[in-house]
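Quick mapping for you: the protein sequence lines, in order, are chains A and B. All residue numbers for the first sequence refer to our numbering, where the first residue is 14 and numbers rise by one. All residue numbers for the second sequence refer to our numbering, where the first residue is 1487 and numbers rise by one.
Wrong hints could be hidden among the right ones.
Covered by chain B, per the in silico footprint, the following chain A stretches (three or more residues, Cβ under 8 angstroms) [unchecked claim]:
{"#": "1", "segment": "103-117"}
{"#": "2", "segment": "154-162"}
{"#": "3", "segment": "190-199"}
{"#": "4", "segment": "206-213"}
Derived by calculation from the structure, the hints in this document are not laboratory data. The structure presented is a predicted model; accordingly, all values stated were derived computationally and were not measured. A virtual CB, placed ideally from N, CA and C, is assigned to each residue, including glycine.
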Amino acid sequence: MPNGLLVRKKVEALSGPELATLRNAYTRMQGIMDNRGYNYWAGVHGVPQWYCWHHSGSLKDGRRLNLFLPWHRAYIKYFELAMRQQDTDAVLPWWRWYGGIPSAFSEENVNGDSNPLYKAHISRPNAQPPIDRDTRRFSGQGVPSTVRLPTSGQVAALYNITDFQQFSDRLERIHDNIHGWTGGISQGVGGDMGTVATAAYDPIFWVHHCMIDRVWYLWQLKNGINNIPAEYMDVILAPFRYTVRDVLNINALGYTYAVATSPT
Amino acid sequence: MQGNTYTSEPISIATIPLEEVSRVDIEFEQVDHSGASFEGRVFLNNPEADENTEPSPENGYAGSFFIFGHGGCFGDEGHCEVDVELQQFDPYDPRRSHPLLPVQMSVEATEAVRRTASEGGDITVTVVPVITGLTDQTDLENVFVFDRHPRIIAYETEVETA
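Work the whole structure out from these sequences, hints included.
See below:
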């Protein structure tokens, strides 16, 4: 923990004990139905709370903004805090998209138990219609060949964009594509990552957005931490107690990104 | 899996000096994102295009945009209705507007527009929505919905030479 900062690592770089810690935190959250639990936090994004920002949205004071990046940074920070309430050693890792879904998130069972990184149970009795089922993932199935994971070159090209809005729009397009590919469609049934409604219930959502956040962080290193329109700065990222200004510096949020670390 | 295809009325580009502009975008305003997620594939002068049409210059392919859709309504009656009156300016209301307010999408189509224009006449814009995500609540009859005709907008990069 350099300077007290949490180090978010690539999923494949997690040691055996670190992966076990992550699974333990997910398992404990998935077993809680109150506001510390997995269903609660997944429900902030889509069903039933719908707080997420995608593309350009509006405030009631008339401003039209794209808070996709800052809002999701705040969101996964809060999720990580909730995760660490269940296991104080847990840190969110990031999914390096280029190699497909990491085995840690694609194996249905681990040591004879259901893998909490593979699926979760959605319990929304007050939705219309109510939802009470496990998450579904049909990665790469039933979607056009143009919907696929990005190459490292496509992501690297983003760092040469100097305008925040253009960068955010281009990254969001890659993000949308990954959601479609990861969810997939099988026999007319959509995978949960494919729509806003249920995406955050799939356990891979969090490491996907950790990668989105990391790409923004790397872009900020090159193009400036405060490289964002001034009118964004004081906008509150509801329901979180952060403004956009508060989330620009990830070190101020208590974490950093690394590919890997030596054993501790 | 394909949604409803849209083809515009013929659009005149006679007033656009295509040789002098640096970029041409095709813009779609007021695009609904309450339903399916989809890739909107844009073709010029090819109203017969469908999800099996090769996205190639020969077929008039201009580019695509993505919609990460909400998947349908999971609320009580009226939950997903965007009431325009409720979106009006109110300096004392700190909330965000309805999350289903329509969005604007654009496709950079400089070469495609130039190529099509060189063939002469007006241009039609066809959008083929190829579904990438859906739920049990998704309306598959109305995947691509927007309120206005597409606009073709040209941008000029001014370069002063000595």
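Structure versus earlier hints - violations, ascending order: The structure breaks only hint 1.
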